[in-house]
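*Asks:* Letter by letter, the chains look like this.
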Amino acid sequence: MRRHVPLALCFIAGVFMAIQYFIPHPSVQAWYERLLAWLQTLLAFAFLIGTVSLVRLHAHKIGHKVAGRGYSWVLFVGLGLMVGFGFKGRAPGSPFDFMFQNVQVPIEGTMFSLLAFYIASAAFRAFRARTLEATLLLLAATIVMLGRVPVGDLLHRSIPAATDWILNVPNMASKRGIMIGVGLGMMATALKIMLGIERAWMGGTD
Amino acid sequence: MNRLGKFLQIDRRWIFLAILIAVLAPFIWPMGLPIVITKPVQDLYNAVDAIPPNGEPLFISIDYSPSTVPELDPMALAILRHAFSKDIRVAVLTLDPAGYGLAERALEAVAAEFGKERHKDYVFLGFQPGISAVVLGMGINIRNVFPEDAYGTPLSEIPMMEGIRNYDQIPLLITLSGTAVVEAWVIYAHQPYDAQIGAGVTAVMATDYYPFLDTGQLVGMLGGMRGAAEYETLIDRHDAGVRGMDSQSVIHILIIVLIVVGNIAYFGSRKRAPETAGGDAAA
Chain A
1 MRRHVPLALC
11 FIAGVFMAIQ
21 YFIPHPSVQA
31 WYERLLAWLQ
41 TLLAFAFLIG
51 TVSLVRLHAH
61 KIGHKVAGRG
71 YSWVLFVGLG
81 LMVGFGFKGR
91 APGSPFDFMF
101 QNVQVPIEGT
111 MFSLLAFYIA
121 SAAFRAFRAR
131 TLEATLLLLA
141 ATIVMLGRVP
151 VGDLLHRSIP
161 AATDWILNVP
171 NMASKRGIMI
181 GVGLGMMATA
191 LKIMLGIERA
201 WMGGTD
Chain B
1001 MNRLGKFLQI
1011 DRRWIFLAIL
1021 IAVLAPFIWP
1031 MGLPIVITKP
1041 VQDLYNAVDA
1051 IPPNGEPLFI
1061 SIDYSPSTVP
1071 ELDPMALAIL
1081 RHAFSKDIRV
1091 AVLTLDPAGY
1101 GLAERALEAV
1111 AAEFGKERHK
1121 DYVFLGFQPG
1131 ISAVVLGMGI
1141 NIRNVFPEDA
1151 YGTPLSEIPM
1161 MEGIRNYDQI
1171 PLLITLSGTA
1181 VVEAWVIYAH
1191 QPYDAQIGAG
1201 VTAVMATDYY
1211 PFLDTGQLVG
1221 MLGGMRGAAE
1231 YETLIDRHDA
1241 GVRGMDSQSV
1251 IHILIIVLIV
1261 VGNIAYFGSR
1271 KRAPETAGGD
1281 AAA
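If you read the protein sequences in the order shown, they are chains A and B. Here the first sequence is numbered in our numbering, starting from 1 and rising by one per residue. Here the second sequence is numbered in our numbering, starting from 1001 and rising by one per residue.
The shape of chain A in the complex, shown without the other chains (with noise of 0.2 Å):
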């Protein structure tokens, strides 16, 4: 019963979704809208789910005095101090505003501005032209670089142009190949999801 319900759930709403796209009648419509809508009540309970995961994970990281658990104290009181700010409303010029804007804007800008450093540093370190491949890769890498900022423009007019040439010929038919490699895969996983033979959404391994 545990497995067999969610299986057939699966599998309706899966033709379900299919098929509707060819059938516009009302009340097959009416249906689309009625699953979308669940749908996205379903997807907020994944906030709620990953909530949960994640104090419970660093609970057990307290409790079992793992190193580095004074970490998990601050996210407590971080998780804390934001969802008690939350409860008194968030408008412009409220204490969970103040904190977003003053706290996590700037921490999380720093963190991804920080990869401009270890970019440098590891492109000084290893960035070299061992192989046709690699030698390619640093030049097309380069003249991208080059072309991407105002002072490509000011060294030789042909630098933005030839980057525009890697964006739109060699880079685009490589994504091309991927994205539909990465398409037909995602038919074949739901296909397999519809039909029971990939089972690993239900919490196994089978």
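In short, the hints are calculated from the structure, not lab data. All residues carry an ideal CB built from backbone N, CA and C; glycine is no exception. Honestly, I wouldn't trust all of these hints.
Stated by the list, open to error - Here are some chain A residues the structure puts well away from chain B; computed CB gaps all over 10 Å:
no.: 1; residue: Arg2
no.: 2; residue: Trp73
no.: 3; residue: Lys175
Stated by the list, open to error - To be clear about the criterion: a stretch of chain B counts as covered by chain A if any three or more of its residues have a C-beta under 8 Å from a C-beta of chain A, and this derived list gives those stretches:
no.: 4; region: 1027-1040
no.: 5; region: 1065-1072
no.: 6; region: 1082-1091
no.: 7; region: 1103-1112
no.: 8; region: 1140-1152
As the list claims (entries may be wrong) - Below, a sample of chain A positions facing chain B; criterion: calculated Cβ distance under 7 Å:
no.: 9; residue: Glu33
no.: 10; residue: Phe112
no.: 11; residue: Leu114
no.: 12; residue: Ala129
We have chain A; now place chain B onto it with these hints.
*Replies:* What follows is chain B alone, placed relative to chain A:
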């Protein structure tokens, strides 16, 4: 180990210091490098510009989180300024929970700049979970997925949303994102409902979306800070995007110099003492 080999073992903190100086120096001594407009940016600008004033609203989906604010916020501000300067109505939504505060701040700031009225000239729809469900749902009826705006006013009571039912009444929707959510808009809004989609994405994501530009599935695209700088140039309002381009130019040059120097040192040290050459150290 010879000199070139030793040079490759340079303390990474010197490189970090060089990057810091390269980022900061242009802010102290601006270079004012000219910005050349590229076709994807010009196309998006033209698509916004073609929307009639005080008519059907431009939709902007702020689908980014704080980590990509430095690249995507200038785009949001530039597009909002362009729209409001042309009296184009704007509806803003977000599919990222962390995008709520960013969207609200950008919209309210630019609306105040142009003296625009909430519900008459603009509306903030807020956040709804479930990317594909929301995008598909908007194709049937926006009120199904956004029954009210972010402040609890039913859409039926908002004057500028009168007659706006689905993508048929949306002349253009621009998604600003650092993730694959752009694909969701193309797959679930453009393909089944023929919605006109434009995008603003981070520089590293831009290469992913060139195929969509070529097929017309995206009407235009802003790629990274360069895209924001180009849009700012088009609306003649230089801001964070243009300011950031000087720093980005210097950084790109510095990285290229580091690559060249690193290769010279690597191959030089191999020729002289192949057994002691460095170069594979972790970043």
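*Asks:* Each hint: holds or not?
*Replies:* Cross-check of the supplied hints:
Listed as outside the interface, A/Arg2 is consistent with that label: its C-beta sits roughly 26 Å from the nearest C-beta of chain B, beyond the 10 Å cut-off. For A/Trp73, the non-interface assignment is confirmed: its Cβ lies about 23 Å from the closest Cβ of chain B, beyond the 10 Å cut-off. A beta-carbon of chain B comes within 10 Å of the beta-carbon of A/Lys175; the shortest separation is about 5 Å. Counting residues of the region 1027-1040 of chain B whose C-beta lies closer than 8 Å to any C-beta of chain A gives 5; at least three are required, and the coverage claim holds.
Coverage of the region 1065-1072 of chain B by chain A holds. Counting CB-CB distances below 8 Å, 6 residues qualify, and the rule asks for three or more. Coverage of the region 1082-1091 of chain B by chain A is violated in this model, with 0 residues showing a Cβ closer than 8 Å to a Cβ of that chain against a need of three. Chain A is given as covering the region 1103-1112 of chain B, and this holds because 3 residues of the stretch bring a CB closer than 8 Å to a CB of that chain, at least three being needed. As drawn, the region 1140-1152 of chain B meets chain A at 4 residues by the rule of a beta-carbon pair under 8 Å; at three or more, the given contact holds.
Interface restraint check for A/Glu33: the shortest CB-CB distance to chain B comes to about 6 Å, inside 7 Å, so the restraint holds. Residue-level restraint check for A/Phe112 holds (minimum Cβ-Cβ distance to chain B is 4 Å; threshold 7 Å). Checking A/Leu114 against chain B: minimum C-beta separation of about 10 Å lies over 7 Å; hint violated. At about 6 Å, the closest approach between the beta carbon of A/Ala129 and any beta carbon in chain B falls short of 7 Å, and the interface hint on this residue holds.
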